[in-house]
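What follows is each chain in one-letter form.
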Amino acid sequence: MKRGLGLAVVLLLSAAVESSSTSPPGTPVLLGCRSPEKETFTCWWKPGSDGGLPTTHRLFYERERLKGIHECPDYGSAGSNSCFFNKKHTSIWVDYYLRVVASNALGNTSSDILDVDVMEIVKPYPPENITLLVKEQEGTPYLHIRWEPPLNIDTKSGWVTVKYQLRVKQDNSHQWKNYSSDTQTFLNLHSIVLGAMYMVQVRCMLDHGSWSEWSNTTSVPVPKYFPNERPFWILVSTLSVVPFLAAICILVMKRKSVKQCLLPPVPGPKIKGVDVQLLKSGRSEEVISALIANQNLPPLVAWMDQVEEFLIVSDCNDWRSPDPTNPPKRKKSLIIPVGFHFDQDLLCKEPLPNHWEKKDEIVKNSETHSEGSLPSTDLNQEQQRDHCGEASDRGVSTWTAERHQCAANVSVQPFAISGYVDIQRHMQEAEGTQVDYSRVKEVTGNDAVILEKENVQSQREDEDIPEDYSRVEEVDGDNVVFLQTQDGSCKKKDEHHTDCTNLKMIHPHPSKVGVCAALMGSEYVDTTPAFPAS
Amino acid sequence: MAYRGTNGSSLFITVLYVVAACRAIPINDLLDRASQRSDKLHSLSTMLTQELDTHFPPIGRMIMPRPAMCHTSSLQTPIDKDQALRVSESDLLSLARSLLQAWSDPLLVLSNSANTLPHPAQSSISNKVQQLQEHSKTLGDGLEILSGKMGPAAQAISYLPYRGGTDLGQDKITKLINFYFLVSCFRRDSHKIDSFLKVLRCRAAKMQPEMC
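Quick note, the sequences are listed as chains A and B, same order. For what it's worth, the working numbering labels the leading residue of the first sequence as 1, then goes sequentially. For what it's worth, the working numbering labels the leading residue of the second sequence as 1, then goes sequentially.
Treat the hints as calculated values from the structure; they're not laboratory data. Idealized CB from N, CA, C, for every residue including glycine. Among the hints, erroneous ones may be present.
Stated by the list, open to error - Below, a list of computed lysine-lysine pairs in the DSS-like style, where the Cα atoms sit at most 27 angstroms apart:
{"#": "1", "chain 1": "B", "residue 1": "Lys-206", "chain 2": "A", "residue 2": "Lys-156"}
{"#": "2", "chain 1": "A", "residue 1": "Lys-163", "chain 2": "B", "residue 2": "Lys-128"}
{"#": "3", "chain 1": "A", "residue 1": "Lys-123", "chain 2": "B", "residue 2": "Lys-128"}
{"#": "4", "chain 1": "A", "residue 1": "Lys-123", "chain 2": "B", "residue 2": "Lys-40"}
Stated by the list, open to error - Facing chain A, from chain B, some residues (calculated, C-beta under 7 angstroms):
{"#": "5", "residue": "Ala-68"}
{"#": "6", "residue": "Leu-75"}
{"#": "7", "residue": "Lys-81"}
{"#": "8", "residue": "Leu-85"}
{"#": "9", "residue": "Ser-88"}
{"#": "10", "residue": "Gly-169"}
{"#": "11", "residue": "Lys-172"}
{"#": "12", "residue": "Cys-212"}
To be verified - Now the stretches of chain A that chain B is said to cover, found in silico as 3 or more residues with beta-carbon under 8 angstroms:
{"#": "13", "stretch": "93 to 105"}
{"#": "14", "stretch": "149 to 158"}
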């Protein structure tokens, strides 16, 4: 009995000792599963206590659309306490019901069932081969970050869509800056700080699943001084500026010739015979004279010829108060154009028959002012002549004053009244009534008379037409007188006569219109031909 | 944002119609646009799920129906990459269209339920559901045009009726759980649609690896 009791106590004690060191395994815990590429997945568990005995763990699963209970196909590839499902055993869009059973000698313990759909456990590995480069664009540096998709990812069939995310920070700061990159495997980061050290991490995601872990940090230092291309461009611009400046200098120095080339001077006006300098001097008289001298004018001589033909000078008394009782006096009618210049020398030259030879003297009478030189047949005439000569001596202006003195013998018909003056010469006391006059051939207009041109045959032998007189042949208009030229047939009355030459007006003075106008009013006429009035 | 979405979707449809009527836009382009739309759709559904997760009672996961209970689970679709790559383009498109078509009614139910959802993020959830509806409609119209270019097999749609009724539940928990369940079903289907279209896009753009 005592032996039995002792044995029982020993057995109880040994049983107690045995039961405290061994037990069935504790409950394992399924930690989770992960599919890195949507083609395989791995599950891990944490085993419970092993109960002091060698415990084995087995994973069993059931799957949607698959009958039966299946065991993990691969326990070792993914490490201990893991189960790796390869491609053949992985299905997506179906639920896996997983449990782990820990078993030892004393029993089995099963974990909770884990419900897994591969779709939900997709979590890729981090991207691979992250490279950082400091590149340069237009003188400014930027960070070029490049990476590759994680391993095992199928990017060729479109089965998965990978999206990336980066974060960057400088080594001296704690703040990360996140950047998203959709599907491209690089990123350019601009506006980086020179001289800083940049650290970069990248992660990725498949099909809106879970993000991967951040990759290892890759860092790159940014150099303080960035060797850019500026010196090159500075050199290029300097080299191009130098020839540019040289061209400018040459242009400035030769600006005159350049100006000549680009802006050729406009040729000034050229008038024949006009001197530009003369014009610039501003003396109009010289300019006008130069202009006039240069013109090709019809020879004055010819014109003079024409004009000479038509001048008749007659005595003024006959016009003013024809007195039949008076013996016919010498009439002096002057019909000259307005343009005629009153020549004092010729005025009041009363030709006396015995003074033919004294033509020159008469002409010069004004100059010499000698009365004695003039032979006088008639005191009156002489007196007249003297008066006239005196008068003629003094010029135009004084002639007016003397006009009245000469008026007795000189009749000047104002043009305004009659339009012409008939110059006639005849002896005052000539018994002969022969006078030198022209016959009126035709009357034209109000105040014009066309005279006959006739060979003057003076009946008075002692009278001849003085050489310095002209007969008016025709009056044209208000102020034009056509003079008759001598035919050239003269009778020499005596040896004193000089040759009868064609009377010509021998005083080609330029006319002055003003003077002519004065003449008009003062009844003086100048036989000197000048320019035609019109 | 919803308004912009409407404008965007109607514009998308208009463009597609005009393009289909007037001249041929290359299928690559159409598929690219469809893929972008489906990507957006899946993104929205994922966000919606995450938002619901923030305040979901743990017990809810316990009593939640299984995903096999989704009304679209009867449709046989590829369930891994190899299978998916073996399916023809027309079939892929047909599957995508069938799935999308199956959700037009349930999304309406969701939209109605979202207004009175007992959840702290109810307004945001309701907004997202509305966007889901719009994107879904636009994508459906676009895929219809696309199917016209890909042959008769692409135009066959499997009918997957929703028999859940218009009411998600009487009490808050039931409502919430049913709501969550529908959203999770939709998330799976939106992922399928997105994956199929992206596979199609990559296959159609053989000369453009950046499309894959």
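Comparing the hints with the structure gives:
With a C-alpha separation of about 10 angstroms, the suggested pairing of B:Lys-206 with A:Lys-156 holds against the 27 angstroms cut-off. Straight-line distance between C-alpha atoms of A:Lys-163 and B:Lys-128 comes to about 22 angstroms, which keeps the hinted pair within the 27 angstroms bound. Proximity of A:Lys-123 to B:Lys-128 is assessed by CA-CA distance (about 24 angstroms); at most 27 angstroms being required, the pair is judged to hold. Pair hint A:Lys-123 plus B:Lys-40 holds up; C-alpha atoms about 19 angstroms apart against a cutoff of 27 angstroms.
Interface hint status for B:Ala-68: upheld, as the beta-carbon distance to the closest one in chain A is roughly 5 angstroms, under 7 angstroms. The beta carbon of B:Leu-75 is not positioned within 7 angstroms of any beta carbon in chain A (closest approach about 11 angstroms), and the interface hint is therefore violated. Hint status for B:Lys-81: holds, given a least beta-carbon distance of 5 angstroms to chain A, under 7 angstroms. Look at B:Leu-85: its Cβ gets to within about 6 angstroms of chain A, closer than 7 angstroms, so that hint holds up.
Taking 7 angstroms as the C-beta cut-off, the interface hint given for B:Ser-88 is violated, the closest approach to chain A being about 15 angstroms. Given hint, B:Gly-169 at the interface with chain A, is violated; its Cβ is 22 angstroms from that chain's nearest Cβ, farther than 7 angstroms. For B:Lys-172, the interface hint is violated, since its Cβ never comes within 7 angstroms of a Cβ in chain A; the closest pair sits about 23 angstroms apart. Taken as an interface hint, B:Cys-212 checks out: its beta carbon lies about 4 angstroms from the nearest beta carbon of chain A, inside 7 angstroms.
Using a Cβ-Cβ cut-off of 8 angstroms, 3 residues of the stretch 93 to 105 of chain A lie near chain B, which meets the minimum of three, so the contact claim holds. For the stretch 149 to 158 of chain A, the assignment as covered by chain B holds, since 5 residues bring a beta-carbon within under 8 angstroms of that chain's beta-carbons and 3 suffice.
The structure does not agree with the numbered hints 6, 9, 10, 11 stated previously, though it agrees with the rest.
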